[in-house]
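Model the placement of chain D on the given structure of chain B, informed by the hints.
Note that the protein sequences, when read in sequence, are chains B and D.
Add 25 to the 1-based position in the first sequence for this note's numbering, that's all there is to it.
Add 410 to the 1-based position in the second sequence for this note's numbering, that's all there is to it.
Worth double-checking, as some hints may not be accurate.
Taking lysine-lysine pairs in the DSS-like style, the calculated list, with each CA pair at most 27 Å apart, reads [claimed, not checked]:
#	chain 1	residue 1	chain 2	residue 2
1	D	K412	B	K36
2	D	K511	B	K95
3	D	K412	B	K82
4	D	K466	B	K82
5	B	K36	D	K452
6	B	K36	D	K516
7	D	K511	B	K82
Each pair of labels, with its calculated beta carbon distance range [as the list claims (entries may be wrong)]:
#	chain 1	residue 1	chain 2	residue 2	range
8	B	S53	D	K412	27 to 35 Å
9	D	S479	B	S53	35 to 43 Å
10	D	K412	B	G65	43 to 51 Å
11	B	D87	D	P524	42 to 50 Å
12	B	A77	D	K412	23 to 31 Å
13	B	S109	D	N417	25 to 33 Å
14	D	S422	B	G65	17 to 25 Å
15	D	Y461	B	E97	21 to 29 Å
16	D	E425	B	T51	32 to 40 Å
17	B	L136	D	S462	27 to 35 Å
18	D	A427	B	I37	22 to 30 Å
Please keep in mind that the hints were generated in silico from the structure rather than gathered at the bench.
Cβ coordinates follow ideal geometry from the N, Cα and C atoms, glycine included.
Residue strings, one per chain:
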Amino acid sequence: DAGITQSPRYKITETGRQVTLMCHQTWSHSYMFWYRQDLGHGLRLIYYSAAADITDKGEVPDGYVVSRSKTENFPLTLESATRSQTSVYFCASTGGNQPQHFGDGTRLSIL
Amino acid sequence: QKEVEQNSGPLSVPEGAIASLNCTYSDRGSQSFFWYRQYSGKSPELIMSIYSNGDKEDGRFTAQLNKASQYVSLLIRDSQPSDSATYLCAVRRGGGGSNYKLTFGKGTLLTVNP
Numbered sequence: 026d027a028g029i030t031q032s033p034r035y036k037i038t039e040t041g042r043q044v045t046l047m048c049h050q051t052w053s054h055s056y057m058f059w060y061r062q063d064l065g066h067g068l069r070l071i072y073y074s075a076a077a078d079i080t081d082k083g084e085v086p087d088g089y090v091v092s093r094s095k096t097e098n099f100p101l102t103l104e105s106a107t108r109s110q111t112s113v114y115f116c117a118s119t120g121g122n123q124p125q126h127f128g129d130g131t132r133l134s135i136l
Numbered sequence: 411q412k413e414v415e416q417n418s419g420p421l422s423v424p425e426g427a428i429a430s431l432n433c434t435y436s437d438r439g440s441q442s443f444f445w446y447r448q449y450s451g452k453s454p455e456l457i458m459s460i461y462s463n464g465d466k467e468d469g470r471f472t473a474q475l476n477k478a479s480q481y482v483s484l485l486i487r488d489s490q491p492s493d494s495a496t497y498l499c500a501v502r503r504g505g506g507g508s509n510y511k512l513t514f515g516k517g518t519l520l521t522v523n524p
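So that you can see chain B by itself, here it is in the shape it has in the complex (with noise of 0.2 Å):
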């Protein structure tokens, strides 16, 4: 089926280790976004990219990287894993001038 898949669902991991979240989309949308959801903050952008090989900061990116060599393919990596990085992660996309449609998220746990 199309759509955008994430995965894993859930992740549980310490302080320190790098930690990759992935995204796929069937449709071929030139946009992708990460978001981070915290209680008291809702949904914060954290990098977006509008094609292959173009990413871009968000408003909390620190701590993140994102590469996207294919359309189809945006991966978040933490690359040191801390505590505050705990959150539930959303992947979204769109072809442009449309609504972003979201994946069902990862719950992400840093311990």
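Same frame as chain B, but now just chain D:
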């Protein structure tokens, strides 16, 4: 700092009533406006989009936009317990590039009581 403000709620309405959700935004360059519904533990789901001043109706949902007042609202008629969720208002400049980013409000929690 572009901001989108929503009452956090909770907004509690009886079943069958009209629920009214409000949102204000600070960026006068905003062109596109969206309402997302988010059930607890789930991802945001688009329910309405509106691009021009006035009302837009889709089933039990009506979105209202007033760009002069920088105000967008969502009315839910004949509210059902299944409408109980957090409703997120989002705005976008449009026009390409970074303007496709969304700015979200923190959401309003709606509870519909049977």
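| Violated hints - listed by number, lowest first | 1, 4, 10, 17, 18
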